[in-house]
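S.K.: Residue strings, one per chain:
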Amino acid sequence: MRMRSVYLMLPALLWASVALRAEVPSAIAIKDAHVVTVSGEDLPKATVILRDGLIQDVGANASIPPDAWVIDGAGLTVYPGFINALSTWGIPQPGPNRAVATAGNVPQQAAPATPAPNPAPRSHGPEDRPQTYSFERAADMVEPSDSRLEAVRAAGFTTSATFPNRGIVEGLGALIDLAGERGRDMVIAQPIGQQIEFRVGGGGMGRSFPSSLMGNIAYVRQLYLDLGQYKQAKETYVAHPNGNRRPEYDHDLEGLAESPRLLLPADECQQVDRILNFGRELKVPFVVYGLHEGYRRIDELKQANVPVLISLKWPERPKDADPNDIPNYRDLLMQEQAPAVPGMLAKAGVKFAFYSDGVDSAPDLKKALKKTVDAGLSRADAIRALTVNAAEIYGVGDRLGSIEKGKIANLVVTKGEAFDDKSTVEYVFVDGKEFQPSKEQQQPPQGGERRGTNPADEGDANGGVN
Amino acid sequence: MRRLIPIACAIAMLAGLSGAETILIRNATVLTVTKGTVQNGSVLVENGKIAAIGKNVSAPADATIVDATGKYLMPGIIDCHSHTAIEGGVNEGTVSDSSMVNIKDVIDPEDINIYRGLAGGLTVSNVLHGSANAVGGQTIVIKLRWGKTAREMLFEGATPGIKFALGENPKRQGYPSQNFFSQGPAPERRFPGTRMGVEEVIRESFTDAKNYQAEWKQYHDAVARGEHPIPPRKDLRLEPLVEVLEGKRYVHAHCYRSDEILMLLRVADEMGFKIRTLQHVLEGYKVAREIAEHGTGASTFSDWWAYKIEAYDATPYNAAIMTRKGVVVSLNSDSDELQRHLNLEAAKVMRYGGLSETEALAMVTINPAKQLGIDNQVGSIEVGKSGDMVLFDKHPLDYYSKVQKVWIDGHDYFDRDKDLETRPEFQKKKKALEDKLKVAEDTGTRQGKRNASNAASTPMIEENQ
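Note that the protein sequences, when read in sequence, are chains A and B. The end of the first sequence is residue 477 by my numbering, with every number in the run present. The end of the second sequence is residue 490 by my numbering, with every number in the run present.
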């Protein structure tokens with residue numbers, strides 16, 4: 012299949028493809044490295060063998076096949092590839108001015124290179140299905156050309172739970188690998204969920220419903236009521252077609268029905284309370300994302316038995332803040348405590364993973380992860396959060412998230428332990444394919460003010476509810 | 026562990042403040058509102074309820090004794106019109122019927138104004154959706170149980186409401202031509218643009234609600250006959266209106282002009298529902314008899330008007346005139362600031378209209394309780410009612426009076442002395458945190474991201490956040 016498509020391509024592409032292929036060995040062995048398997052014991056000196064995009068073997072006595080390229084693992088540590096539990100990585104983002112609110116106040120992300128000629132028509136209520144893109148699929152949108160992929164691989168990330176991000180109901184996410192020749196090569200699993208983002212503000216008479224937080228909530232509630240009715244109507248019709256009118260096919264609800272779980276936003280503690288109640292009310296499996304004030308709701312999260320995704324964009328006072336604008340005690344506490352939330356969750360036994368929330372460069376991701384480790388999260392728990400937890404939250408723990416025979420060959424190989432200041436990422440393997448991030452990608456640029464995050468991705472989560 | 030200390034302190038303080046205990050308040054001037062005044066009286070609260078009132082009340086040995094010599098005890102103040110503690114927008118103003126939204130979903134128990142209200146003796150608030158729509162959002166009554174979660178603040182058993190609005194606000198159509206608030210032009214003008222249109226929206230919504238009610242009845246009848254009909258769609262906009270028709274949800278209608286008040290009462294009669302309260306109702310004095318005949322309550326301001334055309338023909342005698350015509354009248358705040366001194370608003374009806382001291386106090390206690398259908402639980406100091414009480418150092422209708430303590434369900438939610446005592450310690454703690462996080466030293470105007478300021482607010486306020 013792959014061969015045929017190559018023949019059909021332009022000569023230039025053919026050449027590129029062949030050239031690329033020539034560098035790919037049939038098997039790779041990382042010999043005598045420290046292997047953090049995550050699923051089992053740490054192996055202080057073991058060999059990992061990769062073939063055909065899978066982990067062929069791992070162990071102290073794994074025999075190296077004769078055709079394998081061998082990497083001397085002395086002084087190196089091998090981890091499962093890191094998983095970003097929620098992002099837009101892989102969906103190419105247009106320039107910095109992406110999130111333009113149109114007259115209809117529908118944030119128009121997205122793909123079209125030219126601005127949409129007509130703003131979204133005004134929504135008059137839930138029946139207009141405002142800002143609902145439940146049918147859009149990240150799996151159809153991801154491209155290896157996304158410029159962020161190379162940068163984040165340099166921080167050890169091989170995988171992302173990628174979601175489209177426009178509107179309130181944002182579309183079907185996909186778990187993707189952060190490399191591939193074509194978008195379709197990147198998709199590991201889909202659909203993995205539907206992300207809800209509350210879009211608050213910009214209201215007023217004559218503008219689009221909803222503008223308030225309560226309007227957003229009511230809208231999502233109505234959608235799920237509609238979904239219940241839709242399912243029931245379809246069942247009734249299948250059982251009793253005679254004499255009943257055929258239920259109309261509903262694009263939006265089909266997308267919702269297909270989603271195995273819902274991602275709901277909550278950053279502050281009252282939002283956590285609200286969203287736990289709301290998720291239960293909707294009667295769908297759900298995951299809570301945000302959680303910077305989670306330190307005040309550890310017990311509740313534990314009791315709710317709901318997985319959570321922690322934003323790596325730790326709250327901090329903006330550098331250009333008005334000096335007169337002094338945060339109150341609660342804000343200060345949140346700045347201090349947010350990085351400690353993961354450690355507390357780990358102790359309480361709440362399943363959590365991390366998400367980038369607009370932190371899109373290797374030095375910044377590394378810094379953000381180090382901050383939570385410094386605030387009390389053990390290295391082992393940090394690694395689990397970045398690997399097996401994320402995989403399990405999305406139901407792919409059987410193929411990703413640990414270094415085990417037969418699993419997908421996504422690995423990160425570091426010199427020094429992960430999260431150490433001086434550690435470097437030496438190799439990243441995505442589907443068994445080797446990448447060597449440059450040192451420059453892992454260092455903050457020298458001198459001058461650097462842009463910490465990709466501006467295109469700002470406001471990725473929690474739109475306006477803070 | 027060190028970083029846990031501030032939270033631990035907050036929790037410990039909270040627990041200390043509001044432990045469920047038996048309380049005997051001794052030797053106060055007890056303003057019961059409904060049963061006269063007891064001089065040198067005592068009130069016993071057990072299990073959150075008032076257990077005894079009188080001159081000689083004995084308490085069990087473990088009771089906490091509060092010596093209130095020279096002080097005044099009154100029922101917790103009730104505000105029939107509040108927008109406090111709403112997160113993410115008071116209005117869903119995009120549509121003319123926003124009955125699908127519910128304030129209950131967005132109560133923010135961390136809103137500092139809850140604590141500030143408590144410090145003014147406020148214990149219960151009717152938290153309303155804004156007035157941007159003819160038929161507005163669903164509303165909820167809360168008790169100001171500061172430190173608790175949003176759910177724990179809900180007033181158990183209080184009938185929920187819905188906000189209506191008449192006049193200038195609901196007929197605003199948006200700003201189609203200008204770049205208002207930098208949002209660009211609104212894509213279209215909102216209906217309605219006239220007062221006639223406001224009436225039409227209400228009529229249409231209830232016509233829809235009746236059809237909806239009939240549709241579901243038809244479905245249930247068909248199921249009962251053993252048929253297999255496809256169920257109708259559950260409509261969050263119409264569900265609360267059906268509840269209004271069934272008397273399960275109160276209508277709180279924002280209004281000013283007498284002609285519109287009469288219009289609304291007529292539409293309600295025609296559609297077969299009741300208006301529970303008229304809010305603001307500045308021209309209520311002109312149609313007080315009609316309001317009384319409809320059995321509708323009026324919740325107004327003491328002396329706040331002329332902030333827009335429809336609010337000009339007003340008088341501070343409004344509350345007194347309506348009271349004399351047999352309307353149950355309350356005074357409300359509609360404001361985070363005004364809610365902190367509703368006792369003083371009440372005092373004004375003695376000056377304007379010559380109401381009695383008890384009638385004045387009733388304006389912010391038993392009357393709003395009646396309007397909200399919670400007068401069997403709160404609104405006066407009576408045996409069997411909730412232990413919601415406020416202790417003032419002077420008579421609460423005195424402009425120099427200050428709140429000393431506030432209890433809700435017998436729990437201590439505000440204590441002026443404790444509050445003042447903990448301030449220096451709190452400031453120290455905050456300073457340490459600021460230093461640690463390298464917050465700029467400049468104090469300046471001190472406006473935080475939230476509405477809570479620093480120096481002006483109390484330690485307890487922020488401790489519990």
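Bear in mind the hints are in silico, worked out from the structure with no lab data behind them. From the three backbone atoms N, C-alpha and C, an ideal C-beta is built for every residue, glycine too. Incorrect hints may appear among the rest.
As the list claims (entries may be wrong) - Simulated crosslink set (EDC-like; lysine to aspartate or glutamate; CA at most 20 Å straight-line): (1) B:Lys454 x A:Glu347; (2) B:Lys419 x B:Asp440; (3) B:Lys461 x A:Asp331; (4) B:Lys129 x A:Asp331.
Unchecked claim - Computed spacing ranges between beta-carbons, pair by pair: (5) A:Gly406 x B:Thr232: 45 to 55 Å; (6) B:Gln238 x A:Arg291: 53 to 63 Å; (7) B:Pro257 x A:Arg390: 19 to 29 Å; (8) A:Lys56 x B:Pro449: 55 to 65 Å; (9) B:Met221 x A:Gly239: 15 to 25 Å.
What the hints assert, rightly or not - Cβ-to-Cβ under 10 Å is the rule here; a few derived chain A residues that face chain B: (10) Phe289; (11) Leu293; (12) Pro296; (13) Ile337.
S.K.: Evaluate each hint against the coordinates.
M.R.: Hints versus structure:
1. The suggested pairing of Lys454 of chain B with Glu347 of chain A holds, with an alpha-carbon distance near 13 Å, which does not exceed 20 Å.
2. At most 20 Å may separate the alpha-carbon atoms for a hinted pair to count; Lys419 of chain B and Asp440 of chain B meet this at roughly 16 Å.
3. Distance restraint check for Lys461 of chain B and Asp331 of chain A: the Cα-Cα separation of roughly 18 Å lies within the 20 Å cut-off, and the hinted pair is therefore satisfied.
4. A hinted pair counts as satisfied when its Cα atoms are at most 20 Å apart, and Lys129 of chain B with Asp331 of chain A does not qualify at roughly 37 Å.
5. Here the CB-CB span from Gly406 of chain A to Thr232 of chain B is close to 48 Å, well matched to the stated 45 to 55 Å.
6. A hinted range of 53 to 63 Å is violated for the C-beta pair Gln238 of chain B and Arg291 of chain A, which are about 28 Å apart.
7. Hint check: Pro257 of chain B to Arg390 of chain A, Cβ distance near 56 Å, so the stated range 19 to 29 Å is violated.
8. Distance hint check for Lys56 of chain A and Pro449 of chain B: the Cβ-Cβ separation is about 59 Å, which falls inside the suggested range of 55 to 65 Å.
9. Distance hint for Met221 of chain B and Gly239 of chain A: a CB-CB separation of about 38 Å, inconsistent with the stated range 15 to 25 Å.
10. At its closest, the beta carbon of Phe289 of chain A sits 8 Å from a beta carbon of chain B; the interface hint therefore holds under the 10 Å criterion.
11. Residue-level restraint check for Leu293 of chain A is violated (minimum Cβ-Cβ distance to chain B is 13 Å; threshold 10 Å).
12. Hint on Pro296 of chain A is violated. Least Cβ distance to chain B is approximately 21 Å, over the 10 Å limit.
13. For the restraint placing Ile337 of chain A at the interface with chain B, the shortest Cβ-Cβ distance is roughly 5 Å, inside the 10 Å limit, so the hint holds.
Hints 4, 6, 7, 9, 11, 12, counting from the list given before, are not met by this structure.
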